[in-house]
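In order, the protein sequences belong to chains L and V. Letter by letter, the first sequence follows residues 1 to 444 of the working numbering. Letter by letter, the second sequence follows residues 1 to 444 of the working numbering.
Be aware that a few hints might be false.
Note that identical chains are pooled: a pair holds if it fits in a single copy or bridges any two copies.
Pairs of lysine-lysine, DSS-like flavour, derived with a Cα cap of 27 Å [unchecked claim]: (1) Lys128 x Lys62; (2) Lys257 x Lys283; (3) Lys128 x Lys147; (4) Lys123 x Lys147; (5) Lys123 x Lys324; (6) Lys349 x Lys296; (7) Lys257 x Lys349.
Calculated directly from the structure, the hints in this document are not laboratory data.
There are 2 protein chains.
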Amino acid sequence: MSFCRRECTLLVLDRRQKRNLTQHHGKSRCYYYKDLIVRILVQKFGGSSVKDLACMREVLVKVRQGLEQGNKLVVVLSARAGETNRLLALASEWSNAPDPAECDSLVSTGEQVSTALFAMLLKDNGIKARSLLGFQAPIITDDEHGKARISSFDEEHLLELLEEYDVLVMAGFQGVTRDRRITTLGRGGSDTSAVAVAAALGAHCCEIYTDVDGVYTTDPNLCSTARKLDRISYDEMLEMASMGSKVLEIRSVEFAKKYKVPVHVRSTFTNTPGTVLTQEDSKMENVLVSGIAYDKDQALITLCAVPDRPGVSAGIFGPLDQAKITVDMIVQNPSQGGVTDMTFTVSRKDLQKAMAVVEASREKFGAREILYNSNVCKVSVIGVGMRNHSGVASLAFDALYRENINILMISTSEIKISCLIEEKYTELAVRTLHDAFELDKIGA
Amino acid sequence: MSFCRRECTLLVLDRRQKRNLTQHHGKSRCYYYKDLIVRILVQKFGGSSVKDLACMREVLVKVRQGLEQGNKLVVVLSARAGETNRLLALASEWSNAPDPAECDSLVSTGEQVSTALFAMLLKDNGIKARSLLGFQAPIITDDEHGKARISSFDEEHLLELLEEYDVLVMAGFQGVTRDRRITTLGRGGSDTSAVAVAAALGAHCCEIYTDVDGVYTTDPNLCSTARKLDRISYDEMLEMASMGSKVLEIRSVEFAKKYKVPVHVRSTFTNTPGTVLTQEDSKMENVLVSGIAYDKDQALITLCAVPDRPGVSAGIFGPLDQAKITVDMIVQNPSQGGVTDMTFTVSRKDLQKAMAVVEASREKFGAREILYNSNVCKVSVIGVGMRNHSGVASLAFDALYRENINILMISTSEIKISCLIEEKYTELAVRTLHDAFELDKIGA
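Chain L extracted, bound-state conformation (with noise of 0.2 Å):
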């Protein structure tokens, strides 16, 4: 493509002028080549988006705006849409535990196929391109097939091939061990590799293409007056993830936290700007509330009347983390004649396995009896604002109050106030909260 060959050939690699890169445009390293400059820009297309020629065809005009805007891209794909639903089943049919190394060399082939039939795509519209797997990168990670997580990147690698190639169609979601086996990131693991990628090559921006336009106040699907946000901070963005908001895989939020990425998460099907995670700054802070986030994947336990003395709580909590069981609120009422009623939360799926081994403790501690209740949920008031301001809390409580909505926990952190409430409440709690905090308007 001429109208970007002028600059974007110019990418400097001399290795001893890399090495003195200045910091430009906030953390983001521009490379130098003689009077120009020139820029990388990580894009990322979920399954979705690349799902078939047309769908390309859609990211193939994303990559030619931010060729034309002078950077060198590198492109980070996932699977076909469904693609690795398939290869998971083909697993499952040839056995009951497959292995998960193998499950990992069988798995990376679907963005393997996805970024072969892409850079196709690409050098037949005339662009310098290529396809780039996990051990061609390469991409390092540790050896926890299936969940791996990445340890380092051959950026002088990346950045010599940048200086052949204008884009690298990048698999997401794989890498490869030091002994050359395939591991792949775990689901949504592609957000992860992208965001990896521009922090270690200092990009300028990592754009999360996807099938939504942005990350909303609230769920438009419970609540129609919910707002595309326009910027948010990482640590909101971690909160919303971790609620069950589906837009960001959590690992990649976190990884743009540690190294300031910005990321810009915005529509493959759309050119509206999305929503832009940054820092906090002074003017995030004078928001009082970004979102209202809701996870439904809480089950509710309680050992009633648990003697009330020392090494109870790590008695009945340390067996669940040995058995890997991840307990998320937990509430201890005051001690009444020597005993205490003791509750908490886990995800639905280990409610089973958790109870089982709160029974076994029970037999060691003793307890009048164990209650338990999948048909709850938690709604979350987040924002950085909170840290500065008070009433926050007082407020939600008060609406929900209002609503006759019965609050049966409650967990704070600096930034988000959760209350689980009984799961038939769920829609309008969030409605409830929503518009008690005003989030419909712009600038609330």
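Model the placement of chain V on the given structure of chain L, informed by the hints.
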């Protein structure tokens, strides 16, 4: 698997010791540990042998047999039947002329899937196994994407892996360039992968499992008395393969010949021995003719009344060579009145292109007319015994004459006599020659 652990885990991998390996069992190497001998067996299974779980279970039986004989195994697999074509169709959907490097990355996923699935199956059956892709072995090739040639193996790495694993499930057909791009070896390349790894490791045998049970004296579909050969020389097999016998890919036979790898062609679905490819021996030389091959991919072109002067032949065949058209048989009649007829054959798919090239030459040299005929077939009599016996040609011509089959062209090599005939006589000619040389009789 305890039955083989005793011997198989004892593979020597001390590098000094390995370099002092003694040659045993013909050309195959043995690996010593203390007083025990461990041998390496290579097994290759084609796409129809691994097409589904049921077929792979048959492959598992063969692998177990190999282990029970005290071998360490390298099992080379093709993609599951239909998979390579599915991927190529995808490439064609995306591009009219898919980039060869990207096409290799795409198509190589076929073997990646089959090896991962089979390795899962082996592990589930208690066998110490892992998959091994081209880049993992690594199998280094040149960068002729789509038809790459193997340049080197990391034999020491493979032997190290064979210390840890009893079976390496190796992806056939694929390799990797020095700068880590995936390559493929061309159609049938898995045979070449298998023979090459057998040569590199000094395997005592390379078993090629297929859906036929060996190499026959001729095509059993044409001739009901066709007989399976117990043994065949590399040279004879090369002539059979190049004549269109689809049992083994020709480059794998060249490789086997060069490195003297004993190859055993046999069926996945029976237990009967197949055909062994070996070096010639005196017993083979006593057999006059080993087989009758035919090749319908022939088209005849005749330049009538070409001026018979120096440089004309070069002027005709030079441009054909430049157009990458392979010319097979060539006949030039003795000159009459300063002009001659020049006749040659090309592959049918090249006929149109060849006619265009020859028309251009005609204008330069002059020729009365150009004739062509694509309804022809080449029938060949093959046998190393011909080297020391006369009368084979006259016996063949006489047999064809008695059936009134007209011979259009003749060409001969040391171990082959080929006749071009009209295509409609193909079946009759094959049966006639098969009878004439009594190939239905054992030890004929």
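Hint check results:
Taking CA atoms no more than 27 Å apart as the test, Lys128 paired with Lys62 passes inside one copy only; the shortest distance there is 16 Å, against 47 Å between copies. With identical chains, the CA atoms of Lys257 and Lys283 are at most 27 Å apart within one copy only, with a shortest distance of 18 Å there and 76 Å across copies. In this assembly of identical chains, the alpha carbons of Lys128 and Lys147 lie at most 27 Å apart only when taken from different copies (23 Å versus 33 Å within one copy). Taking the shortest alpha-carbon separations for Lys123 and Lys147, only the inter-copy value of 21 Å comes in at or below 27 Å, while the best intra-copy value is 33 Å.
For the identical chains of this complex, Lys123 and Lys324 are inter-copy neighbours only, at 26 Å across copies versus 48 Å inside a copy, given an alpha-carbon limit of 27 Å. With identical chains, the CA atoms of Lys349 and Lys296 are at most 27 Å apart within one copy only, with a shortest distance of 12 Å there and 64 Å across copies. When the C-alpha separation of Lys257 and Lys349 is checked against a cutoff of 27 Å, the pair qualifies neither within a copy, at 30 Å, nor between copies, at 60 Å.
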